[in-house]
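Asks: Just so you know, the sequences run in chain order V and B.
Each residue of the first sequence is one higher than the one before, counting from 28 in our numbering.
Each residue of the second sequence is one higher than the one before, counting from 28 in our numbering.
In case anyone wonders, no lab produced these hints; they're calculated from the structure.
Wrong hints could be hidden among the right ones.
Some chain B residues judged to face chain V by a derived CB distance under 7 Å, without partners named [said to hold, decoys possible]:
no., residue
1, T89
2, E181
3, G182
4, I197
5, L221
6, A222
Taking lysine-lysine pairs in the BS3-like style, the calculated list, with each CA pair at most 30 Å apart, reads [unchecked claim]:
no., chain 1, residue 1, chain 2, residue 2
7, B, K61, B, K80
8, B, K80, V, K80
9, B, K51, V, K51
10, V, K61, B, K80
11, V, K80, V, K51
12, V, K80, V, K61
13, V, K80, B, K61
14, V, K51, B, K80
15, V, K80, B, K51
16, B, K51, B, K80
17, B, K61, B, K51
Given the structure is predicted, the values throughout are model-derived calculations rather than measurements.
Note that CB positions come from ideal geometry on N, CA and C, so glycine has one too.
One-letter residues, chain by chain:
Number of protein chains: 2
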Amino acid sequence: MSDDEVPPAARARVAAAVRTSLAKHGYARLTTAKVAAESDLSEAGLYYHYDTKDEMIAAFLTEARGSLDAELDALAEADPEARLRAVCNHLLVDPDETERSGVYVAVMELLAHAPHNETLHEHLAAMERHVLDVVAGVVADGVEQGVFREVDPEGTAALLVAATDGATGIDLALGLEVHDELRASLQDYVDSLLAD
Amino acid sequence: MSDDEVPPAARARVAAAVRTSLAKHGYARLTTAKVAAESDLSEAGLYYHYDTKDEMIAAFLTEARGSLDAELDALAEADPEARLRAVCNHLLVDPDETERSGVYVAVMELLAHAPHNETLHEHLAAMERHVLDVVAGVVADGVEQGVFREVDPEGTAALLVAATDGATGIDLALGLEVHDELRASLQDYVDSLLAD
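Please model the entire structure based on the sequences and the hints provided.
Replies: Right under this line is the structure:
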């Protein structure tokens, strides 16, 4: 069944189960039995809507994109400087947020499989492209309003997204305890974007 | 056999074979048969020195740390600003460098396994900690010489290493074509560190 034809409530249930089980087990050790164990669906129930484990993961990635939009929409800050600071703070996951850390580490693992896996590649690319566009939009607003210098919105977004993605390895997966320093440096970077 | 007892030439041969096969196949699909196929060693020869596949990968990570030192030592630039720019340019892998891109994507996959794998965790943490220290050292030199503002060397290094690590996902694994923008933004970030 194509994901578009799956009833939204069913997709959300599968995505939530995939999210929890990915956070706990990672991608390589994920089985549909483990996904089922994290939900009120049986394995047969999972396969009723999706033909493969990767399609279930794709459903999770599609839902994750929607959740991120909702989270970013919920950020109250309207002016571009405060909004960019809030977006950076949101994208940089705190190691103490156990489930969210697990999800970010699992997404990093999925990214490593993307070159060999078309389904994952397509859905991860859509998700990361979306994050880049959202951040670039905030930067572009700031440049237009004269809050930021004439920086390149796409390049600035690429650096910020790369930095928050890359924190997953050194901070979340390895626990090198660079979190506070990283958070402060991101804010210092936003300072450096401000127009004189 | 502990890695310290493996003759350096044998370790280098195993590490080179692991590097090439990891770049080609990634971690999940790596077998010692594939590692042997990339070297003049048989599988029996690999197991003569190392008990497990992960120990062979650990040998590769130890060698990689040494290679990075040699590469960074080879950067001719002595003054901190030029040196930091050169280090950033070196750490940011060009998607056209096929083997090096493959290695970075495989290391990203290894990072995702680190929370569940003590051997990988230990060797990856040593490697990433070393990169952080090298970059922080260059920043600290620049601050001391008055070339850079009074920025926090550790935080600045964390941001730069996170950004170049995170480029692996969006730029190398997904091919979102943010490479030139990212390279320019890193240089713009170094600009922002300069003392007035």
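Asks: Taking the numbered hints from earlier one at a time, note which ones the structure violates and give those numbers from smallest to largest.
Replies: 1, 5, 6
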